Amino acid sequence: MTAVFSVRGLTKQFAGKRVVDGLDFDVRAGEIVALVGENGAGKSTTKNMLCGLLEPSAGQVLVDGVAVQRIQPQAHGVAAVHQELSLFPSLSVTENLCIQALPGHAARIDWAAAERTACEQLEFLGIEIDPFAIVESLGAGQQQIVEIAKALLSADRLLILDEPTTSLTAPEREKLFEIMQRLKARGVAMIFISHFMDEIYRVSDSFVCLRDGHQVGTGSLAGVARGELEHLMVGRSIDETHRELAAPTDDEAIRLDSLDSDDFAQVSLRVARGEILGIAGLMGAGRTELAEAIFGLRPCRGTVSVGGEPVVPLNVATMMSRGVCYLPEDRRTHGLFLNRPVRENLSAAGILRFVRRWLPGFGFRGERVEALRIVERLAISVPHVESRVADLSGGNQQKVLLGRWLATEPRACLLDEPTKGVDIGAKFDIHTRIVELARAGTAVIVVSSDLPELLGIAHRIAVMRKGRIVGEFARADFDSVNIISLATGAAP
Amino acid sequence: MTTRDDTRRLVPPGFLSNAGRYPAVAIIALLLVAFSTVSPFFLKLGNVEAMLGANSVVLIAAVGMTLVFLTGGIDLSIATVISASAVIAGLVMAATDSIVLGVLTALAVGAGFGCLNGVLIGVLGLTPFITTMATQLIARGVAFVLSQGVAVKGTPYALLDLGFVTVLGVPAITWIALLVVALFVWLLSFTTWGRHVMLVGSNRAAARYSGIRVSRVEFGVYALSGLLGGLAGFVSIANLGNAIPGVGDTLLLIIIGAVVLGGTDMNGGEGSIGRTVLGVALLAILFNGLNLIGIPFYDQLIVQGVLIFVGTWLAMTFGRRRT
Chain A
1 MTAVFSVRGL TKQFAGKRVV DGLDFDVRAG EIVALVGENG AGKSTTKNML CGLLEPSAGQ
61 VLVDGVAVQR IQPQAHGVAA VHQELSLFPS LSVTENLCIQ ALPGHAARID WAAAERTACE
121 QLEFLGIEID PFAIVESLGA GQQQIVEIAK ALLSADRLLI LDEPTTSLTA PEREKLFEIM
181 QRLKARGVAM IFISHFMDEI YRVSDSFVCL RDGHQVGTGS LAGVARGELE HLMVGRSIDE
241 THRELAAPTD DEAIRLDSLD SDDFAQVSLR VARGEILGIA GLMGAGRTEL AEAIFGLRPC
301 RGTVSVGGEP VVPLNVATMM SRGVCYLPED RRTHGLFLNR PVRENLSAAG ILRFVRRWLP
361 GFGFRGERVE ALRIVERLAI SVPHVESRVA DLSGGNQQKV LLGRWLATEP RACLLDEPTK
421 GVDIGAKFDI HTRIVELARA GTAVIVVSSD LPELLGIAHR IAVMRKGRIV GEFARADFDS
481 VNIISLATGA AP
Chain B
1001 MTTRDDTRRL VPPGFLSNAG RYPAVAIIAL LLVAFSTVSP FFLKLGNVEA MLGANSVVLI
1061 AAVGMTLVFL TGGIDLSIAT VISASAVIAG LVMAATDSIV LGVLTALAVG AGFGCLNGVL
1121 IGVLGLTPFI TTMATQLIAR GVAFVLSQGV AVKGTPYALL DLGFVTVLGV PAITWIALLV
1181 VALFVWLLSF TTWGRHVMLV GSNRAAARYS GIRVSRVEFG VYALSGLLGG LAGFVSIANL
1241 GNAIPGVGDT LLLIIIGAVV LGGTDMNGGE GSIGRTVLGV ALLAILFNGL NLIGIPFYDQ
1301 LIVQGVLIFV GTWLAMTFGR RRT
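Those sequence lines, one after another, are chains A and B. Using our numbering, you'd call the opening residue of the first sequence number 1 and step up by one each time. Using our numbering, you'd call the opening residue of the second sequence number 1001 and step up by one each time.
Some hints here could point you the wrong way.
[Stated by the list, open to error] Simulated restraints on C-beta separations:
| # | chain 1 | residue 1 | chain 2 | residue 2 | range |
| --- | --- | --- | --- | --- | --- |
| 1 | A | Arg298 | B | Gly1246 | 47 to 53 Å |
| 2 | B | Leu1292 | A | Leu352 | 19 to 25 Å |
| 3 | B | Leu1124 | A | Gln72 | 50 to 56 Å |
| 4 | A | Asp250 | B | Leu1126 | 49 to 55 Å |
| 5 | B | Arg1216 | A | Trp358 | 21 to 27 Å |
| 6 | B | Leu1124 | A | Glu376 | 40 to 46 Å |
| 7 | B | Tyr1157 | A | Asp391 | 54 to 60 Å |
| 8 | B | Glu1049 | A | Glu84 | 53 to 59 Å |
| 9 | A | Arg357 | B | Gly1046 | 48 to 54 Å |
By construction, these hints were calculated from the structure, which means they are not laboratory data. These numbers were taken from a predicted model, which means no experiment stands behind them. The beta carbon of each residue, even a glycine, is placed where N, CA and C say it ideally should be.
Next comes chain B alone, as it looks inside the complex:
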């Protein structure tokens, strides 16, 4: 109950616990200050542009992963679905030179894998971890078999341009990612579907007892996660110039790391797309900054790991009430 003491406090009650829900903010602020002091290039326009472009793929996929996390599941296949849809879309575009067909193919391939996950998990009730791990293997296999292990050439020139075009100083592919973010922020906050996603993640059984069609909601999030993986695959072609069969291989842990660092709970029912944007930004700034000051890739992995510890610890310590 709100007592007089609470209303008089300078810092509103629960302030700390709310701050703890966004562990990324504090870390981002710290990194921004640190990197901009150490490296003169860090805040340069060119660098920021490069950072945004390179992370659009991760951001799109991380939105999909967030949806799955919110229902209490996990989608391990999303990264290699990026590869598979990039490769297949790349092949289609090499054969037809049609960007439209390329987009549609990428989305269809992604949605196909997503629906497979959705049916197995939502309808048949298999465990998300195992199911999506299997899909991950399949998608990776598909990507390498169809591309014979090499980058697919013959990307339409118009698409290559897309990777360089900026609108209002922001790369076009980043705009695509931001549109995806906006779309899902809206879906989660303002639609019945979004509410159902949160409730299913909070308590699956209670959702069923309240008349929410749990399997439909679960199917939906995996299908959408796949679809976003497909879109990310297409965007990766624009970003890198070619469809690369191994493009997603290193992304999975970055995607999961970003969602976790953002503060979305793996157990479901707690989190948001906004937090994931923060998480992606955090890792993007981190890797970019470390590159600028000349830290090698493998050392960066160590830093990333430690950071995930710190972020999770912060969220756990300040984000939840102790009983």
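So that you can see chain A by itself, here it is in the shape it has in the complex:
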């Protein structure tokens, strides 16, 4: 098969810095190419050049063997599904699908035709979504599918999917892969960007690996072992499978007694100092709600005890004063102060530590020094501690957030999806940090949709379904099949 899209010496410079440097690869019709690399390796820039958002500084893209200066998405049949959804939440599915080219003329839109187009598209993709449903009433997964359907309406030759599975539940993910297979059979070429190695191996035919803007490998995936590919991406060996966990103590750090709210019921758990408890379950099982309730961010009934004593009243301030911290799932909306410097982000949860004892109200002593220490300890890659957090990559932002809480020397940590959207190198570092934290005697509760993550670092996994704890597994009994069937409610 000849290549539909060929990339030759593709380079992009920003302010004299080569963010992407000399890429060379082909994408054939019906081929799924995995674009892999760490955060900041140049994947997004490559994606943006391929879908026409950016013009290359040097090199070229050939479409059917013809060099083009800049991709015209409509004319060249290219579309991208970006990480941030581009749907209009208050409009219907039909309106969203047809918004780029509404049938009829400016003064009168032909809604009947729009509906037909939408229905045909949904049917072709094998999706059962009501075309009249308002987008914000759909789940995250269905919205993602609508996004893909929308992209495909304007493009049918190359589809770029950027981390399409991060907000999907397992069945939705299967649905997405099924759709990708259909498109493949129809000859649509795809570029698949993901941090999940399992998915990469499952759906892709070949790979292009980037590191620091350079292409460090390309070829068929069949010939490359997973460890090799990871090594290629990160430039060092990463071994998640042989993690040594220290034995937890017997001291109770945090105990939940029959917590109840609208989102969960009868949750009782106990975590010892030095223990890592994983909470597995599907999206919507009430895990985030539970974690937020424990931290006093949402109302709930029942008792939360820290160090054997009930926390009354249950709110963020009392929980923090008892040495509990909470790392929210959505770092951009709930965690980071994007337009503030790294230093202020790191001290945000405990600025009182730096208030001068004899001269309160005269600045914050040692704040900067501690910021530098955290940056060094967590290997956060920042230009400067005074740089704005918005300018960091996702993995480094997550490390800043983690660093903020670790600096408070917590007695117990609630971590909600601590490695969401983070590349494998940063993920490995964060896992190492969590395990060390437990070794130092902190109790850790990790909520995660990434089961291999929990299998790797947890002493114990509690499974949640529809707001209830439906089972618990000790490390010796970890079994992904059992855990998944318990989480989905399917018979084992």
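Start from chain A and add chain B according to the hints.
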């Protein structure tokens, strides 16, 4: 990451973007040169004194507005709170002839309106724009009802003197404004409260998740904004000689304009009192200069509007990184 190239550059990296944060500086320099060439009176001591005195009210209120802007809110009521507290303080002073009672009344009235805003916005979660617009109406109504629409007479003579006294060549009321500036520069840069104001403005949800008591911080900035409005009202009596019910009516846009031109971001989390001082200075110089060269008031409004465009554009172009 800092590369070798960066360290060798003559102009430090980010210089332009930093300059863009202070769009007022460039414009002020330009205006100073222009006006002093065109008008021989511009840099005369008497003129500068008059300029400082007349703008003390604006400066005090602009500090309050900056606090609110930094949390991502807006206080539309501040200008008419100036009027209301001036009128009520004026009435109290006319009845008692006590300056102390007058100050306390002005501060109490301002703080009262501020606390009302603070409770509605910080505690009950109403929208700042609508809430303070309503308070604005109430305060304006109060000012006109109590004064029956005319200037309140009977200001103590000692207070009238305050408007003329200068210390080290600077009018006493300007010293009051500068003290307010110094106080809030200190509060914002060196205290926990100041840090919390910036963080709440940067990301309200993240502040809550980090254990910052967001409603308390929000209540605080509106209460303080009201309090400063009250102080500005009192100072306006000293400046003008009477408590005038319409004193604040034209000030709101000047106050907001000064804060915006100074370079404080309306979305919160970015800005400072220092920038607002520059913004106030800029508008003060502009209006004064235009008056001296004989441009009528309404034409000045047009110039002010255009200037706000230019200032915002400068801040946007050089102040932020393009993605």
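Structure-based check of all given hints:
no.: 1; hint: A:Arg298 x B:Gly1246: 47 to 53 Å; verdict: holds (48 Å)
no.: 2; hint: B:Leu1292 x A:Leu352: 19 to 25 Å; verdict: violated (52 Å)
no.: 3; hint: B:Leu1124 x A:Gln72: 50 to 56 Å; verdict: holds (51 Å)
no.: 4; hint: A:Asp250 x B:Leu1126: 49 to 55 Å; verdict: holds (51 Å)
no.: 5; hint: B:Arg1216 x A:Trp358: 21 to 27 Å; verdict: holds (26 Å)
no.: 6; hint: B:Leu1124 x A:Glu376: 40 to 46 Å; verdict: holds (45 Å)
no.: 7; hint: B:Tyr1157 x A:Asp391: 54 to 60 Å; verdict: holds (59 Å)
no.: 8; hint: B:Glu1049 x A:Glu84: 53 to 59 Å; verdict: holds (55 Å)
no.: 9; hint: A:Arg357 x B:Gly1046: 48 to 54 Å; verdict: holds (50 Å)
In terms of the numbered hints stated before, the structure departs from hint 2 and from no other.
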